[in-house]
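> All chains, please: the whole structure from these sequences, using the hints.
Numbered by mature numbering (1 follows the signal peptide of the UniProt record, and there is no 0), the letters in the sequence shown go through residues -39 to -1, 1 to 712 in order.
Calculated directly from the structure, the hints in this document are not laboratory data.
No more than 25 Å apart at the CA atoms, straight line, and that leaves these computed lysine-lysine pairs for PhoX-like: (1) K446 x K277; (2) K269 x K435; (3) K218 x K270; (4) K494 x K541; (5) K194 x K270; (6) K52 x K446; (7) K541 x K194.
Note that the structure is predicted; figures quoted are calculated from it, not measured.
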Amino acid sequence: MSTLNKIGAPIRPMRSAWALVLVLTFALLASLLSPPSGAAAALAKLPNPVHAVEPSTDLIATPPDSDLGKSIAITEFSPALVTPGDQIRLKATITNHGAEPIVNPKVSFNVMRYRFTTRTALARWQDQDLGSNAGTVIASNSLGDELASGASITTEFTVDSAQLQLLGGTAGWGPRGTAVILSGENAEGTMSRVDVRYTYLLWDSAPEGTDPMLTLSTVVPLSGPAVNPMEPKAVSERVIAATAEQSRLANVVAALKSIPSLNLAVDPNLIEGVQQAIAPPQVDPAAPAENEEDAGTAEPTIEQRVTKKWLDATAKLITDHESYLLPNYDADLGALTQAGITTPTPTARDLGDIPASLWRTNLVWPEPDSLTQEFLSTHNATGSIIIAEPGAATPQQNLTYTPGALTLNPAQTHSTVVVGDEILTALLTDPGTDSPVLARQRFVSELAVIAKERPSVLRNIVVTLPRDWNPNPKVATAQLASLDKLPWLSNLSLSDLNVLENESSQTFEFALDSTGTQGLTGELVTEATIAAKDLNLFAAVVPEPELLTESVDQAARAILSTAWRKDPAGRDLVVSQMSKYTRDTMGALSVDTGSDINLISTGSEIPLTARNALDQDATVLIQLQPNNPRLQVKETIAVTIPAGGSQQVRVPVTAVGSGNVEVAVRILTADAELAAESGSFTVRVRADWENLGTSVVVGLLVIILGAGIVRTIRRGKSKRRTEPKDASASLKVVQEPASVQNQDRPKGEQD
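Rendered as structure tokens:
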């Protein structure tokens, strides 16, 4: 049956609905205009106007997870550690990143009054979505009638800590979740969340004088880029680029420069490389100089000045903190161990203004994938500290708390292993925000939860930053600078940690095999080692051998660098350059004969020409090595070959028999060590030719003499020969005086 109005017309359902809407609207307006009561009245008395009820979680537009909190930039949240009686100050910049204006925008400051008891719950708070429970509204600010698209506005909250109504005392202290919520009117005219920023408040109600529950050791490596010493100019350019403004190393030093408690692990060749790179370039001494002080040098470049500032700041860091030397070029100890190669150990030495006495050398820091059982067995020196980055050690027990970092080397008991905390390290490596405030609050809250897990037992926690750590300096400084202000935590040096006896309650397992050496093989290291060794033997022939060997010696160490893991092909190129340079340098000394030699005498000298293409004089021994005893070399010949010149040499030899002999030429050092091979030549030995020739000549002479005798005999008596009967007459003539003889001569023929 239809309902009728006064004139008998039916009442339409639509009109009834509108009537109901009008009634509800008037009721809502009446409630909003009425005085507040109960909890709403108490909240209205706060310094900033707040809503009695948290805005509805109906969403205007749910932003993607990656954009959550983008509209809210918290620029101040102090103090970092809130104690009873403190005034909490929170400042935020609100920006409308949407395409439409936000109508009736409001910002609220919320607190979750229950403290976090586990590290998992703590992390989950920050990972909530837009509609999650954000706690109780403590204060709220109106931002006007409208916030236009792209517009920004700053808002502040000042709240007394008592208004938080948090549990006090030893049981109550710890981190709480907080949120800053941006709300606005939706299309239906109700308040909905636009964005939310989750963060943490650290409540410290513990009694004064509470003993520390944690020790924290923070270890930061300072390791340089992969460099190729075979190209010195390129090394300087790369080092300067690596320490330029806003570079990774510049960010690390900037983040640490005001942090009082740190442990540094430093690559010595990074410091030496920087010192060489900032040295003013040499100029032509003949060029005119403005004054005597400027003669011979050029002004440093802008880039060199920037690198010099980095070096000064780094030197101060090293001087002010406990510092450990890494092996040269931060050698990849794990890869070398896997290849069966003896690993280098650091040696303390002066590095510019940093004296050797400041360095500690008992730190062993492999890459996480190289910390194997074999590695632990190899690196077991007494007192050494082995760094286990997160992921390098596998815990074997399911504990309800965070164990200490210090554990004994399972291979033996002389050295210790310190295991880095994965979450704390990750919070420094990738804080997930560019806000120093948010990163700090998250970091100190994590430490507070760890401390509360087992407050009666002092545990040692270690943070190990990776070699490629590239921090936002402001963020990292905010995180690390807060450590000295935490009453439940004591910063500890590695050396002090190493002598403690409170071993971790966790049992760790280490891998049997390395998961990869990234291209550093035993064959590659052997090739580089041979190239350097051969060149050093060769270089003994010149007065300044280091001028020949320095680049190769440095390269032999540089290829071991952990930094080459990211560029194994580049490391292969360095080794190839080393081998080629060694071959070319050793080939700069040569000995030649011009052509093969014919030797027809038993004793002779072989003429040689020794050549030197080096820029230094070379003093060598020339040694000939025949492959057959037909040729015997009596001695080696010492000779000094001028730089860029040649020298004639004659080597005494003895020939025995006949035949071709291959003769190798060896260039020796003054100590008779082989410096280089210089090819070979052929000697045609015909030593019996001389005997044969002599025999032939003698034979010919005998034949000629014999022929003469025979010829004389065959000719018989000569007609001119005197007969016997005339002999007495001849004798008489001989015996007569000359006067008698003359009487028988014509007058004109007398004597």
